[in-house]
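Engineer: Fit chain H to the known structure of chain W by using the hints.
Chains as they are written, first to last, in this note's numbering: chain W, 1 to 211; chain H, 1 to 497.
Some chain H residues close to chain W (C-beta under 10 Å, calculated; not the full set):
no. : residue
1   : ALA103
2   : GLY151
3   : GLY469
Label-pair ranges, simulated between beta-carbon atoms:
no. : chain 1 : residue 1 : chain 2 : residue 2 : range
4   : H       : LEU388    : W       : THR185    : 36 to 42 Å
5   : H       : SER148    : W       : ALA9      : 44 to 50 Å
6   : H       : CYS298    : W       : TRP186    : 47 to 53 Å
The hints are simulated quantities; they were obtained by calculation from the structure and are not laboratory data.
Only a predicted model underlies this, so the values are computations on that prediction, with no experimental measurement involved.
No residue lacks a Cβ here, since even glycine has one placed at the ideal position from N, Cα and C.
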Amino acid sequence: MRSVRIALAAGLALTALGIGVLLSRSPPVVAGTGTVRQEKRFASSPGGASVCQAGERLPAGTSALRLALAAILGPAVTVEVLEGDRLLTRGERGAGWGGGAVTVHVKPLARTRSAVTVCFAFAGEHERVSLLGEETPASLAASTPQGVLPGRIRIEYLRPGGSSWWSLAAQVARHMGLGRAWAGTWIALLVLSLTAASATLALWLGVRELR
Amino acid sequence: MSTALLTRPRLPRPALAPRRGRVAAIACATVAALNAASWSFITPPFQSTDEPSHFAYVEQLASEGRVPSSDSEVFSSREALVLRALRWAAVKRKPENRTIASAGEQRTLEADLASGAGGTRGPAGAGVAASQPPLYYALETIPYWLGSGGGVLAQLQLMRLLSAMVAGATALFAFLFLREALPAAPWAWVVGGLAVALMPLLASSSGAVNPDAMLFAVSAASFYCIARAFRRGLTPRLAVAIGALIAIGSLTKITFAGLIPGVLLGLIWLTARRWRSLGRAALRELGLALAAACSPLCAYVVLNLISGRAALGLASGIFAFASRPSLGGELSYIWQLYLPRLPGMSRDFTDISPIRNLWFDGLVGQYGWADTFFPGWAYDVALVPAGLLAALCLRSLVGRLRALRARAPELGVYLAMSVGLLLVIGVGSYSTFPQLAAGFAEPRYLLPLLPLMGAAIALAARAGGRRWGPVVGALIVVMFVAYDLVSQLQVIARYYG
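For reference, chain W alone in the conformation it holds in the complex:
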């Protein structure tokens, strides 16, 4: 049926366009990190928390903060970056994240700000969230309205990189070939071939049967 072929072709064209646009974007790069190097669990918080950490540096162009928070199914997180009492930028991440870090997008600033305070908050009664970082003296530690925590959380500041995914393709392909039983860039080519074969077969079947 002609209309099925048109639908498949249009869908494929749209997919190719979408993937092309996605790959023309730049992956985020780390613009800066705080002083915390380790990622050790130093506090955990069932029942929500509001935490502030002073002495941070916000690099220019930062579009997201990656907070070392661990959860199975994390609650919504809000982040505010303050200079004194003045709000510089803020962001929010909805519930549902997991793993050992949550990335919260913020509005980028034109120039770097030193000595800012990063505050983040999350709610939840049973959704346990762990704070990862390192233990510090109380004078350097993060704090909550209830008191000083035993350490500082690790924070990374992300901004868009200068290279598109397209320009990084060869590097990504080489990287995919490492850490394997039979290492080599051929792994990336094999993945490409398997995926192409799977998609082609699916589309062939669609053309053959959908009429």
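Structural biologist: Coordinates of chain H only, in the frame set by chain W:
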């Protein structure tokens, strides 16, 4: 017209449909196997949930000839060496960290592999896998042996490829289920079958060493056999197949226990249907099914008891359900895990919505060690096609209400199988509550219900009618191709970007 076709228990164009169905079924299975094989190379070694534990189970079964007796996460020295060389712990659940990225790190890995190849193997545990039944792991000892000359990473890759082949079986049985359950529209089988075959979560879970891969296949086969029995009658061969599937599923993963009550309900209903014409003779098939189901299970129980373990392994814990202190609290928790809270229920999830955040978002995209996600906006965008598919499916169902009523017992069996599975997942999750909300509840646990998802998608396509249905189906197929590609790119960006 379409309602009449749905109720009529025979294939249309009987001379052509089976052959067409055969080619399409094999093609769907091949798509799923190729896709899962691709994912098996995309996901870095051991960066799939609990893969080190599953590998350790196979290793102990292969090298010592017995199931693991310890759930310790201290793995064999050769596995631990590879995990260390791959910086596994630094990458797992830490999306800011990538896998090894330089030729120097690769050389270190190769040197470690060479030095540790003949190292000691035990004593070791199998982590969370230790309490699982042994069938999948026993099958995985074959690629384990085949790859033994190449070291841990070669063994792991071959084991992953076996799982990928099993994904093909999942898609095959899902397709065959659609052929039995929706006989009136052969083109719609292809839409549902391809949607299952291209489901990224199926491919990523089956492109790893994990008994879930086999659980999905056995569950899909169970749905197929039940559908076939409702449509064509419970023959002795089918009864033995259903019984054997109960045994295989029970020996594959504990979660399969959730499907058993529904399958038994189906067998009882089918027997009762035959009773009217055959009388007591109708009991023969039921007996065959039960005998096929129980024999291997009894052997497993005896083996467990001899080796000093609980009779059904972790499944024994499920039967502690009734003896827990707050049955009401547990039921309320399980309800809220899947459905909106009712008035009078305590609020067990305060800042997350399990329906949206856990199940929907997780099914849309959660890979690796549940640490690889799409950006937040992508899940909002996914609501649009998901909502459209749901609306089309609903439209299709509303237009076939009479046919649905005629098949109420069959649908009741599918419902019972689904509810049983959800209950088992909920009971497991409640065991960590209130310390954790939604612990032990992962979206992939719902994939034993993939045949029903395939049916829902096939019905959505059929909402377009005979004229536009195939076009809607083509758009659905291409959407799943795109969805799979974007998911692969997301995982590649996370680990290798």
